[in-house]
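Chemist: Please put together the full structure from these sequences, using the hints given.
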Amino acid sequence: MVKILKSEFYKLKHTYLPHIHIILPIIYAIIFYIMVRITGLKDYASISIIETYLVLLGAILPIVCGAITFKVIDMEANAGHFQVLLSTTKSRSKAYGGKLLLLLIGALFSISLAILMFSFLFRQQSYIAWVIEGFLLFVGCIATYVIHLWISLMIGGSASIGLGFAETLLALISMTGLGEKIWYFLPCTWPSRLSATYSVGSSLADSTYLHDTLSMWLYIAVPMTICILICSFIWFNKWDGKPYSSD
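Under the numbering used here, the first residue of the sequence shown carries the number 1, and numbering increases by one thereafter.
The set of hints was computed from the structure by calculation and includes no laboratory data.
It should be emphasised that the depicted structure is a prediction, and the values quoted were computed from it without experimental measurement.
No residue lacks a Cβ here, since even glycine has one placed at the ideal position from N, Cα and C.
One or more of the hints may lead you astray.
Stated by the list, open to error - Ranges between beta-carbon positions, derived for each pair: (1) 13 x 219: 20 to 30 Å; (2) 104 x 220: 14 to 24 Å; (3) 209 x 238: 15 to 25 Å; (4) 47 x 215: 19 to 29 Å; (5) 239 x 7: 42 to 52 Å.
Said to hold, decoys possible - Subject to a maximum C-alpha distance of 25 Å in a straight line, what follows is the list of computed PhoX-like cross-link-like pairs (lysine-lysine): (6) 13 x 94; (7) 3 x 181; (8) 71 x 11; (9) 94 x 11; (10) 71 x 3; (11) 71 x 181; (12) 13 x 238; (13) 238 x 181; (14) 3 x 13; (15) 42 x 181; (16) 71 x 6; (17) 13 x 71; (18) 71 x 94.
Modeler: Have a look at this one:
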């Protein structure tokens, strides 16, 4: 797997993707901090500002995921119509797993950078809380990355980007009362909901709300994510490598 990861990294080394993983989270953190200082956000309580930062960060993850997945899969399509991907190793599962793992490593790096940057600028919360919120953002986006990689291979990169925009809208809507009961079943809403729930719930004297929400999410999300992951691996192992519809 280490060799596969190195191979995947070298494929992306001379593209704009490594720069996106560094530049976007820094820009997002700085712009949001400036908005806090010069707009009406400065009149809000610190916990509300942090919640808003996390919600928006979680909501834009599907768009970023869609764009990155599009580029990664487009490169494979142009490199012999996926034959390089399918013939890299004797195990298709390892090839697919390596591609997915590289995407998740990039997501973890970007989320960590966005959290680190804003926590350094805002300084209104303990670093432990920031770490937990960043972890929840990452864990919440795992299923989304699996779905986007699967969709990109099956249908095409354009579908992944379009899905990302729809998911972002859905994630924002889920933060209202409309999504109160159904967000557990919508992977694209998990990053925003989980991080915001912890941010608000950990500040309450009674931890019942936080405990019940996270328990319900785990009960639903863990088997759902495992099912999505297993199905995507099964599909990839049976995939004939035919080019997806042109983008």
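Chemist: Please go over all the hints and tell whether each is borne out by the structure.
Modeler: Verification of the hints:
1. 13 x 219: 20 to 30 Å: At roughly 41 Å between Cβ atoms, residue 219 and residue 13 fall outside 20 to 30 Å, so the hint is violated.
2. 104 x 220: 14 to 24 Å: 21 Å, holds
3. 209 x 238: 15 to 25 Å: For residue 209 and residue 238 the Cβ distance comes to about 44 Å; the hint is violated.
4. 47 x 215: 19 to 29 Å: 22 Å, holds
5. 239 x 7: 42 to 52 Å: 19 Å, violated
6. 13 x 94: Satisfied, since the Cα-Cα distance of roughly 20 Å is no more than 25 Å.
7. 3 x 181: 43 Å, violated
8. 71 x 11: Holds. Residue 71 to residue 11 sits at ~11 Å (cutoff 25 Å).
9. 94 x 11: 16 Å, holds
10. 71 x 3: 21 Å, holds
11. 71 x 181: Violated - the C-alpha atoms of residue 181 and residue 71 are around 34 Å apart, more than 25 Å.
12. 13 x 238: 29 Å, violated
13. 238 x 181: Distance of about 36 Å is beyond 25 Å: violated.
14. 3 x 13: Holds, at roughly 15 Å.
15. 42 x 181: 31 Å, violated
16. 71 x 6: 18 Å, holds
17. 13 x 71: Answer holds: residue 13 to residue 71 is near 13 Å, not above 25 Å.
18. 71 x 94: Given that 25 Å is the threshold and the Cα spacing comes to 20 Å, the pair holds.
In the structure shown, a violation is registered for the earlier hints numbered 1, 3, 5, 7, 11, 12, 13 and 15, in ascending order.
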